[in-house]
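K.L.:
Below are the chains, spelled out letter by letter.
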Amino acid sequence: MKYLSQSALRAGAVGVAILAATGAVAQEKSVTIGLTADPSHLYPLAGEELSSNIMYYHLYDPLVKRSADLTFGPGLAESWENVDDTTWRFKLREGVTFHNGNAFTADDVVFTVNKARESIRPDLVANIAEIKAIDDLTVEITTPQPYAVLPNDLAEVLILDEEYTTETGDEQMDLKPMGTGPYMLEEWIKEEKLVLSAFDEYWAGAPKIKTVTFRPITNPATRTAALLTGEVDVIQDLAVRDVERVRNEEGFEVITRPSLLNVVLAMDTREKSPTIEGDNPMTDQRVREAIARAIDVDAINKIVMNGLATPSEQFVPASHTGYVDGMNFREMYPMDIEKSKELLAEAGYPDGFTMTLDATNNRYVNDAQIAQALASMLAKVGITLNLNIMPKSNFWGYIRVPTENSSFIMSGWDVPAGDAGSMYGALFYTRDKREGYGQVNRGSFSNAELDKLVDEADATPSLEKRDEILQEATKLLMAEIPMIPLHYEQDIYGVRDGVTLEPRTDKFIWAYDMDVE
Amino acid sequence: MLGYLLKRLIQMILVLWIVSVIVFMMMSFTGDPVFMVVPIDATDAEIAQARRLLGLDESLLVQYWKFISSLVQGDFGRSYVFRQPAMTLILERLPATVEMVLVAMVLAVIVAIPLGVYAGANPNGRISRTIMAGSLLGISLPGFWVGMVLIYLFAVHWGVFPSSGRGDTGEIFGLRISLLTLDGWHHIALPAITLSLATMAILLRMTRAGMMEVSRQDFMKFARAKGVTRKDVLYRHGLKNALIPVVTIFGLQLGDLIAFATITETIFSWPGMGKLLIDSIYRADRPVIVVYLMLVALIFVVINFLVDLVYTLIDPRITLK
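Top to bottom, those sequences are chains P and B.
My numbering numbers the first residue of the first sequence as 1 and each following residue consecutively.
My numbering numbers the first residue of the second sequence as 518 and each following residue consecutively.
For the record, the hints were derived by calculation from the structure and aren't laboratory data.
These numbers were taken from a predicted model, which means no experiment stands behind them.
Be a bit skeptical, because a hint or two may be false.
[Said to hold, decoys possible] Mimicking DMTMM-like on lysine to aspartate or glutamate, the simulated pairs with C-alpha atoms at most 20 angstroms apart in a straight line are:
#1 P:K115 / P:D136
#2 P:K176 / B:E609
#3 P:K433 / B:D558
#4 P:K193 / B:D700
#5 P:K190 / B:D561
#6 P:K392 / B:E609
#7 P:K115 / B:D796
#8 P:K210 / P:D451
#9 P:K302 / P:D336
#10 P:K193 / B:D796
#11 P:K190 / B:E563
#12 P:K433 / B:D549
#13 P:K193 / B:D685
#14 P:K392 / B:D796
#15 P:K132 / P:D174
#16 P:K433 / P:D414
#17 P:K190 / B:E609
#18 P:K193 / B:E688
#19 P:K190 / B:D796
#20 P:K433 / B:D561
#21 P:K193 / B:E609
#22 P:K210 / P:D515
#23 P:K392 / B:D549
Just need the whole structure built from these sequences, with the hints factored in.
P.N.:
So, in C-alpha cells, the structure goes:
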C-alpha cells in the first residue's frame, strides 16, 4: 500500500506543520465513505432515493427515531400517548436548536406536516388528518381512523425550521439545508464530494466523528479500488465478485447484513392476461403453486447470487408485525418438478403455457440473471417464459397498475416502517375498493377475507392486536400464493480495519454511530 | 467571408432545432420521470400531484412548446430530479470534462505526430512496425478495459496514482481547475491517458499515411536535392501538407471526446458532464438530457467551423465561401 503510506506521510507532514503553527490541537476524527451515487437532494420533501435519504437523516431529525434494527424510539419527541383511539399527543424535547440557533418548537412540526401535503411526498403524512400545536412543546395529531403504527410513519417525517424554510424557499433548500441533525453541511461539490461537519450542540451529544466525507463512486470496480488504495474508509455495495478479493486482503473487512428488500414475483390473477393466449391459467391456485414449486431459490442464491442472498420465508422479515413464527414458504412449497407438473395437469395445463416475465436490469442485484435462471427453471415444467428486461426508468411506468402489459413481474419490496399492514394494503388489497389501497396490486389479486383483515388491522388501536390480525393475513397469503417471495438481498460493505460500522436494516449509513481509530 | 459566417450560423441554428425536436420526441420512450421521484407505492393522486409539480401533466407537444419558448428567452428548464436549472448543472461540470479532454488531446498530439512522422518516413523500419502494432492496440482495446487495468496497476498494485476523483483544485475566474495543483495533476493523469489512447492511435495512423503519401511527391525530393536537411523536409514541407486530414480528424475527435468522455468519467469517478448524462438517462431527467445534447451539438458545429478556419491557415489555396 505505497499510495496509502505516501498520503499518510503527506498528511503527517501537514499535521506537523499545523501543530507547529497553532500549538497543540487534538486529533479530530474523520471518515470518508464511498457511496454508489451522489445524493439528488438535501431537502427531505424533494424526493426519495437511498443516497439522499442517508444525507437527510444526518442533517435533520424526525419526531420518532428508527434504530438500526427497526425498533422505534424517541427522537425530537420525548414521549407520546393516545388521548383516544384517533388522537395522539406528542411531547417534544426541550432545548433543541436548529443549526442556525433557532429553537425547535411545536410550530415547526405543524409547519413540516402541512408543507409535506403540498410537496411531491404527500404520502409521508397521508395518515394524518389534522395536526395542531397545543403549546410550544406539545403537538396533537388526529388520524382519520384508529392507526396503531402512526409513530412508525413519523420516523420518515423530518422536521424543518419554519422560519428558515419559508425565507429560503424550497428550491434553495437543497443547497442550504437547515435541520436539528447531528451534522451540518460543510461543502457539496456535486458528483465529487459532500462534506458534513459535526454539530457539537446536538441534543443527543456531540458526534464522535467530526468530519464525514461522502464520495459518489458509481463504478463498482472503482469503488473497490478506492477502498484498497485507502482513498475511502468505507464503501457501500461492495460488488459480489469482489467480496473474496477484499476478504483476502490484509487490513480490510467485509461486513454483510440481510436487507429488508424482498425480491418477489407477482402473478396476474385476472381472467385474461395481456401476454397469455386464451384464459389466464394463474387464476387457478394450483397453477400458482406449480410455478412456486418449479423455482429453485437455493440454486439462484448459490449460482446467481454467489451465496450472498437470504431466501425469504414470508413476505415480511421476522422483525415486522404480521410475521408468523416458524412459517416458511420454502417448506410449504419446496421445489418439486414432478409435483409441479402434476398440479399443472390437474389444472388442465399438462403441456404448460407461454407468458412474458417483466424484469429490470439495473435495479436489483443480478436481476437480469435471476430472470434468465427463472426462465430455464420454468421451462422444465413446460412453462415458456419470454423475457422482457428493461432499465428501471422504463420499468415503473411499464408495470403501472392497472397493468396493461404484464402477466408476470419481478420486482422488490421493503417496508422500513416495520409493519406488514401497509405492504398488504398496497400489494394485495382489492383494487379500486378503497382509496389508497391496492395501488400496487400488480396481479389484481382480490380476496374478501384479506381485505377484511387489512381493514380490521387498520381500525385496531392496539399494536398487539394488530400483530395478531396481520398474522392471520400472512397465513392467508401464504396459502393463496398471489406472489412468490424469492430472497432478501444482502447489503455488503467493505471497510478498512479500525472502522466500526454497524449496518442498519434500512441501508442508511449512519456516521453518528460509527467510530474510527 | 461574411456570407460564409451567416450561412454557418443559420446551419447551426437549424441543427440545434432538429436536435431538440428529435431528443424531445425520443425522450417520451425512455421512461416516465414521475416514477423516479415518487415512492413505488404512491397512489394515483400522489402521482398526479407529482406530475403537476413537475409540469408533466400536459401533452408532449405543449411541453415542447413551453420548453422551446422559454429557451428562446434564455431559460433552459429545470432538472426534474435536482430541481436546479439544467444549464447550471451542466456548466458546473463542464470544466472538469474540458480539462480532462484537453490534457488527453495534448498528450495524443505530442505523442502521435512525431511518431507518425517517423513511421511515415521510415515505413519499413523495425521501430516503425512496433509503433504501428502499438497503435493498432490503442484503437482496438476498449476504453473501460484500459481504465480498469490502469487503476489496477497504478493505483491498487503500485500505488503511484489515486484510483478516482478529482483531488485538490485551484480557482481561476471562479472556475475550479485541477491543472493548477500538483494533487490535481496526480488525479487527472490516469483518466487523461485512458481517454487519449484511442485518439492518439488514430492521429498517429493518419499522420503516417499522410507522410507516406507526401513523401512520394516531387517537391519533397526537390527540396532534399536543394540541400534542405532531412528534418526540415519532413517537418516543414512534408508534415504541413500531410496535416489537412489530420486536422479534420482532430476536430472530430475533440468533439467526440467532450461528448463521450462518459465511460472514462464513470470509471474514474471524474465529476464531469458525461457522468451527469448517464445519471440523467437512468432517471429519465429530460430537461438535462435535451440541454446536454444540444450543447454537444453546438460544440460539434463550432469545432467544425474552427477546423475549416485552420485549413485556410495551413493551406492558403483553400478559401471559405
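K.L.:
Work down the list of hints and note, for each, if the structure agrees.
P.N.:
How the hints compare with the structure:
1. P:K115 / P:D136: Holds, because 19 angstroms separates the two Cα atoms, which is no more than 20 angstroms.
2. P:K176 / B:E609: Distance of about 17 angstroms is within 20 angstroms: holds.
3. P:K433 / B:D558: holds (16 angstroms)
4. P:K193 / B:D700: Cα-Cα ~16 angstroms, so holds.
5. P:K190 / B:D561: Distance of about 33 angstroms is beyond 20 angstroms: violated.
6. P:K392 / B:E609: With Cα atoms ~27 angstroms apart, K392 (chain P) and E609 (chain B) exceed 20 angstroms; violated.
7. P:K115 / B:D796: It is violated: about 29 angstroms lies between the C-alpha atoms, which goes past 20 angstroms.
8. P:K210 / P:D451: violated (50 angstroms)
9. P:K302 / P:D336: Roughly 18 angstroms separates the two Cα atoms, so the pair holds.
10. P:K193 / B:D796: With a Cα-Cα distance of about 16 angstroms, the restraint between K193 (chain P) and D796 (chain B) holds, given a limit of 20 angstroms.
11. P:K190 / B:E563: violated (29 angstroms)
12. P:K433 / B:D549: With Cα atoms ~26 angstroms apart, K433 (chain P) and D549 (chain B) exceed 20 angstroms; violated.
13. P:K193 / B:D685: holds (11 angstroms)
14. P:K392 / B:D796: holds (12 angstroms)
15. P:K132 / P:D174: violated (27 angstroms)
16. P:K433 / P:D414: violated (24 angstroms)
17. P:K190 / B:E609: Holds, at about 8 angstroms.
18. P:K193 / B:E688: holds (17 angstroms)
19. P:K190 / B:D796: Satisfied, since the Cα-Cα distance of roughly 12 angstroms is no more than 20 angstroms.
20. P:K433 / B:D561: holds (14 angstroms)
21. P:K193 / B:E609: Holds, at roughly 14 angstroms.
22. P:K210 / P:D515: holds (10 angstroms)
23. P:K392 / B:D549: holds (10 angstroms)
This entry does not satisfy hints 5, 6, 7, 8, 11, 12, 15 and 16, going by the numbered hints stated previously.
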